[in-house]
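Colleague: Note that the protein sequences, when read in sequence, are chains A and B. Everything in the first sequence is counted per this note's numbering, starting at 1 for the first residue and increasing by one. Everything in the second sequence is counted per this note's numbering, starting at 1 for the first residue and increasing by one.
Any given hint could turn out to be false.
If several chains are the same, the list does not tell them apart, and a pair holds so long as it fits within one copy or across any two.
[As the list claims (entries may be wrong)] Calculated lysine-lysine pairs in the DSSO-like style (CA-CA distance at most 27 Å, straight line):
| no. | residue 1 | residue 2 |
| --- | --- | --- |
| 1 | LYS90 | LYS194 |
| 2 | LYS38 | LYS98 |
| 3 | LYS154 | LYS136 |
| 4 | LYS200 | LYS182 |
| 5 | LYS172 | LYS194 |
| 6 | LYS198 | LYS154 |
| 7 | LYS98 | LYS182 |
| 8 | LYS98 | LYS154 |
| 9 | LYS182 | LYS93 |
| 10 | LYS182 | LYS38 |
| 11 | LYS172 | LYS113 |
| 12 | LYS38 | LYS151 |
| 13 | LYS200 | LYS146 |
Quick caveat, the hints were computed from the structure, so don't treat them as lab data. All figures in this text were calculated on a predicted structure; none of them were measured in a lab.
Residues per chain are reported as follows:
2 protein chains.
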Amino acid sequence: MSTFITIGRELGSGGRTIGKLVAEKLGIPYYDRELIDKAAEESGFAAEFIEASEQKVTGGLLYKLGMGMSYGYDNRVLPLSNQIYLTQRKVIKELAEKGSCVIVGRCADDILKDSEGLLRVFIYSDMEHRIARAVKCYGMNELTAKKEIRKSDKERARHYGIFTDQHWGDRKNYDLMLNSGKFGIEPCADIICKLVDKSKL
Amino acid sequence: MSTFITIGRELGSGGRTIGKLVAEKLGIPYYDRELIDKAAEESGFAAEFIEASEQKVTGGLLYKLGMGMSYGYDNRVLPLSNQIYLTQRKVIKELAEKGSCVIVGRCADDILKDSEGLLRVFIYSDMEHRIARAVKCYGMNELTAKKEIRKSDKERARHYGIFTDQHWGDRKNYDLMLNSGKFGIEPCADIICKLVDKSKL
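Next up, chain A with everything else stripped away, as it sits in the complex (with noise of 0.2 Å):
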């Protein structure tokens, strides 16, 4: 039996550092956007996609569904963002085949929503705090935190929204949501955790 965390997160919670805690807490493995992109380029997994129409590639698998040079199944073309999530989807279900992990980002949730011993948490926090840690963790200014922190809450509920058919950040989407700007980073760890089965990782 596995224990599968995934933390959906707002530019500037603090998730991504929330989600390393709780595996290094819970000695289980941690897969962030990183991690998957590139076990994904790696396992090929996009090949079958390029193969079916026959078209040759080399180097950094990704990088060039990215640049538009393939096609979905049976020739028809598939927009490319759908090839790279069919990819990453893979990639996350046999993550998950080798057991208990801590997933960020990458729609996880939806991912694995059949499978038993998920806990889908989301991270968010007040404007002040997400601003102050883009500006302590990035090196960006507060204007330009602000604006990044925008165009990320845009983009990742778009990218949900087209995905899963479900809106980012809709509660009825988690079990459990946490202010991190209420609580702090390691508080919100320690949360996670103490939610856990520990005989069930």
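With the hints as your guide, set chain B onto chain A.
Modeller: Structure of chain B alone, referenced to chain A:
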């Protein structure tokens, strides 16, 4: 120093029961709609609205407000729901002045938003669990339960929106949001209690 735990909740989520449990476990008072309305009625707070329009009122005050018998300050006619809300607001602020407490519903999260020691909780659940709870606790049949739940969601969202200018159930108005269908009633109460600094009760 006091702690105020406000609990917004969906019909059938068990939010009221969770609020009662939290109050019991922490040994602090619990207030909900019935108690607040009764306190408002007994306090005579609303009398000033009536006196302003030189109307004489006897008997159940909020009942009469609801029946369209009163006017606002300076003889301007205020919508009756506004008058009732203002009365509840005063009662909630008075109750909070007495010390730590749990308040369920009545836009208390917004009314006390500038208070130190405020923990704003929202309890929700999936439709299946909500229907099951409404059938069990309110003796409804499944069809009626579903209809009442939908009606209640609309009414609570409308009421909260009018008086707070915010969206009911929107994460930015809460610190902690819990899916009671996932965790269960008693565990939700325990999660909340663990987040309270007992030295500040």
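Colleague: Now tell me, hint by hint, if it's right for this structure.
Modeller: Outcome of the hint check:
{"no.": "1", "hint": "LYS90 with LYS194", "result": "neither (30 Å within a copy, 38 Å between copies)"}
{"no.": "2", "hint": "LYS38 with LYS98", "result": "within (17 Å within a copy, 57 Å between copies)"}
{"no.": "3", "hint": "LYS154 with LYS136", "result": "within (22 Å within a copy, 41 Å between copies)"}
{"no.": "4", "hint": "LYS200 with LYS182", "result": "between (29 Å within a copy, 16 Å between copies)"}
{"no.": "5", "hint": "LYS172 with LYS194", "result": "both (22 Å within a copy, 24 Å between copies)"}
{"no.": "6", "hint": "LYS198 with LYS154", "result": "neither (36 Å within a copy, 39 Å between copies)"}
{"no.": "7", "hint": "LYS98 with LYS182", "result": "between (35 Å within a copy, 24 Å between copies)"}
{"no.": "8", "hint": "LYS98 with LYS154", "result": "neither (33 Å within a copy, 43 Å between copies)"}
{"no.": "9", "hint": "LYS182 with LYS93", "result": "between (33 Å within a copy, 22 Å between copies)"}
{"no.": "10", "hint": "LYS182 with LYS38", "result": "neither (34 Å within a copy, 33 Å between copies)"}
{"no.": "11", "hint": "LYS172 with LYS113", "result": "both (12 Å within a copy, 24 Å between copies)"}
{"no.": "12", "hint": "LYS38 with LYS151", "result": "within (25 Å within a copy, 47 Å between copies)"}
{"no.": "13", "hint": "LYS200 with LYS146", "result": "neither (40 Å within a copy, 34 Å between copies)"}
The earlier numbered hints that this structure contradicts are 1, 6, 8, 10 and 13.
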